[in-house]
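Trainee: One-letter residues, chain by chain:
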Amino acid sequence: MDFNLFILGLSYLGTFSFAISGFITASKKQLDLFGAFVIAFVTGLGGGTLRDLLLNTKVGWLSEPTNVYTVIAAVILAYLFKKQFVRLRKTMFLFDTIGIALFTISGLQVAQQYELNSLYLVLFGVITATFGGAIRDILCDEIPLIFRREIYATACILGAVSYLGFESLGFGLILKTVLSCSIIILVRTLAVLKNWSIPVVADDSE
Amino acid sequence: MDFNLFILGLSYLGTFSFAISGFITASKKQLDLFGAFVIAFVTGLGGGTLRDLLLNTKVGWLSEPTNVYTVIAAVILAYLFKKQFVRLRKTMFLFDTIGIALFTISGLQVAQQYELNSLYLVLFGVITATFGGAIRDILCDEIPLIFRREIYATACILGAVSYLGFESLGFGLILKTVLSCSIIILVRTLAVLKNWSIPVVADDSE
Amino acid sequence: MDFNLFILGLSYLGTFSFAISGFITASKKQLDLFGAFVIAFVTGLGGGTLRDLLLNTKVGWLSEPTNVYTVIAAVILAYLFKKQFVRLRKTMFLFDTIGIALFTISGLQVAQQYELNSLYLVLFGVITATFGGAIRDILCDEIPLIFRREIYATACILGAVSYLGFESLGFGLILKTVLSCSIIILVRTLAVLKNWSIPVVADDSE
Chain L
1 MDFNLFILGL SYLGTFSFAI SGFITASKKQ LDLFGAFVIA FVTGLGGGTL RDLLLNTKVG
61 WLSEPTNVYT VIAAVILAYL FKKQFVRLRK TMFLFDTIGI ALFTISGLQV AQQYELNSLY
121 LVLFGVITAT FGGAIRDILC DEIPLIFRRE IYATACILGA VSYLGFESLG FGLILKTVLS
181 CSIIILVRTL AVLKNWSIPV VADDSE
Chain P
1 MDFNLFILGL SYLGTFSFAI SGFITASKKQ LDLFGAFVIA FVTGLGGGTL RDLLLNTKVG
61 WLSEPTNVYT VIAAVILAYL FKKQFVRLRK TMFLFDTIGI ALFTISGLQV AQQYELNSLY
121 LVLFGVITAT FGGAIRDILC DEIPLIFRRE IYATACILGA VSYLGFESLG FGLILKTVLS
181 CSIIILVRTL AVLKNWSIPV VADDSE
Chain S
1 MDFNLFILGL SYLGTFSFAI SGFITASKKQ LDLFGAFVIA FVTGLGGGTL RDLLLNTKVG
61 WLSEPTNVYT VIAAVILAYL FKKQFVRLRK TMFLFDTIGI ALFTISGLQV AQQYELNSLY
121 LVLFGVITAT FGGAIRDILC DEIPLIFRRE IYATACILGA VSYLGFESLG FGLILKTVLS
181 CSIIILVRTL AVLKNWSIPV VADDSE
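Chains as they are written, first to last, in the working numbering: chain L, 1 to 206; chain P, 1 to 206; chain S, 1 to 206.
Just chain L, with the same shape it has in the complex (with noise of 0.2 Å):
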């Protein structure tokens, strides 16, 4: 229960982040403050919205009002102090790869609900934690960041496998969390500070 509630907590915390990063790629697209909610909304609900629409199942938004209330509470936040918000960007890069780890695992959580192979549960997982950035960047005209650089989603599907590893292995619900997301949280940080990518798909034939 108490566990439960924590990780609740920090999925709120990860849309916090991932709406206030929203917020932040509006403003350097000069949108007006309405954009930049809707920018901020898909960042933080877009991937699991996606996800739930895929599975054809209620939009899980829509029975968690918090959810909402935490996107306007990052736009508000972000309109009033977006300067702290952009000079603190080794904080927000933790609130963002917390978020993405959390993303990834819970998305696979709620896929197991509907009996599918595990390939669908790791592509849930991947869906839930990066396809909100995909859809800002679409909405922001630019080709999703994702797709491009770092190894993002990479670490995404290492922290689904290794989540459905320790499962086959018997271990409980809390450990097989905290350490598959503690696998996403070190790759994405590794990557980021090593620069690691993986390979461009490079048109060399011209």
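Please note that a few of the clues may not be correct.
One copy or two, either will do: identical chains are not told apart, so a pair holds if it fits within one copy or between any two.
Simulated pairs of lysine to any residue, SDA-like, Cα-Cα distance not exceeding 25 Å [stated by the list, open to error]:
1) Lys58 / Arg87
2) Lys82 / Val200
3) Lys82 / Phe6
4) Lys28 / Ser182
5) Lys29 / Thr154
Honestly, the hints are just simulated from the structure, not real lab data.
Got chain L; can you put chains P and S on it based on the hints?
Mentor: Same frame as chain L, but now just chains P and S:
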């Protein structure tokens, strides 16, 4: 009954007007006739489609073919009389403004069938009214106009909130619909005439 | 039974071919391997996914993992043998054309399970065949190609309409499928060879 028919008629007029505006946007992008039809379709019916997908319900235009015929008629007329439509810009603006007013309130009314709290009702009103145009702009490789200019969405929010206010005061269906639509039309028209806008979240840190 | 298996096999070939075309587009945009996989996935399976979302039914590839494995295989092969695939442009064009023919008719057949009128059946056939490529282009920050060039979509519409015509004449499943697919393949091939196109709705008023 007569009033419902009146509302339905105006709603088709809204779809028609949105579809024409989609066609005109498409013509600026040198699309072919099929592309123009797709853009007209998503502009006219995309907002309601997104609302229905998020509510996990049957997409409205699947059970009411008149919506699709309206789009087809708009495309044919716009193709034949494009110059006239472009010249009729003020009339088109009026149709478009009536369109967003009706879409906001009818979107809210559809959402009311799903036992959602007021926050969601306003949200779905605004989504119905604004996301058709937003999808049009994404397909045409532009940042959605409603994220950048005018207080288009703000007018919808004000209208949706006042509808709920009138409802809590016990106003009848006709009265609250007419009043809240009038508010949207008034705010939007004044905003354009007076050049009102809401704050841009410009990135002044760079 | 044998015919169904034949159709199913050709449909995987269609997905495979679409996925390869997605990969090649991704490589022109300097995406990384994850991005290329996403683009290959949406090109191969996005049209059917949109159809299933609009029909409010379970997304097809969730119950048939072979579709997902086909995309994975296409990405691996395209990564290893990209130069060969680019060189095999004519073969790829053939696969692609067979792909849209089969997607049009199979999309229409799926929609027939939902008691929709003919207008919708044609619409869902065309959506299944063309929106994978359209989503690919949106993700790659381009105006969808099918909105601008060739009579790609027109070929699909002609094929879908003739399928319904053959059906009303009492033709059997095999005969009407083969004939209508042939029409699509023929029209599309002739259109490319003869450089046919449908009218552009150019904005001549400026």
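Trainee: Decide, hint by hint, whether the structure agrees.
Mentor: Hints versus structure:
no.: 1; hint: Lys58 / Arg87; in the structure: neither (38 Å within a copy, 45 Å between copies)
no.: 2; hint: Lys82 / Val200; in the structure: between (34 Å within a copy, 13 Å between copies)
no.: 3; hint: Lys82 / Phe6; in the structure: neither (27 Å within a copy, 47 Å between copies)
no.: 4; hint: Lys28 / Ser182; in the structure: neither (31 Å within a copy, 35 Å between copies)
no.: 5; hint: Lys29 / Thr154; in the structure: between (28 Å within a copy, 19 Å between copies)
Checked against the numbered hints above, the structure breaks hints 1, 3, 4 and satisfies the rest.
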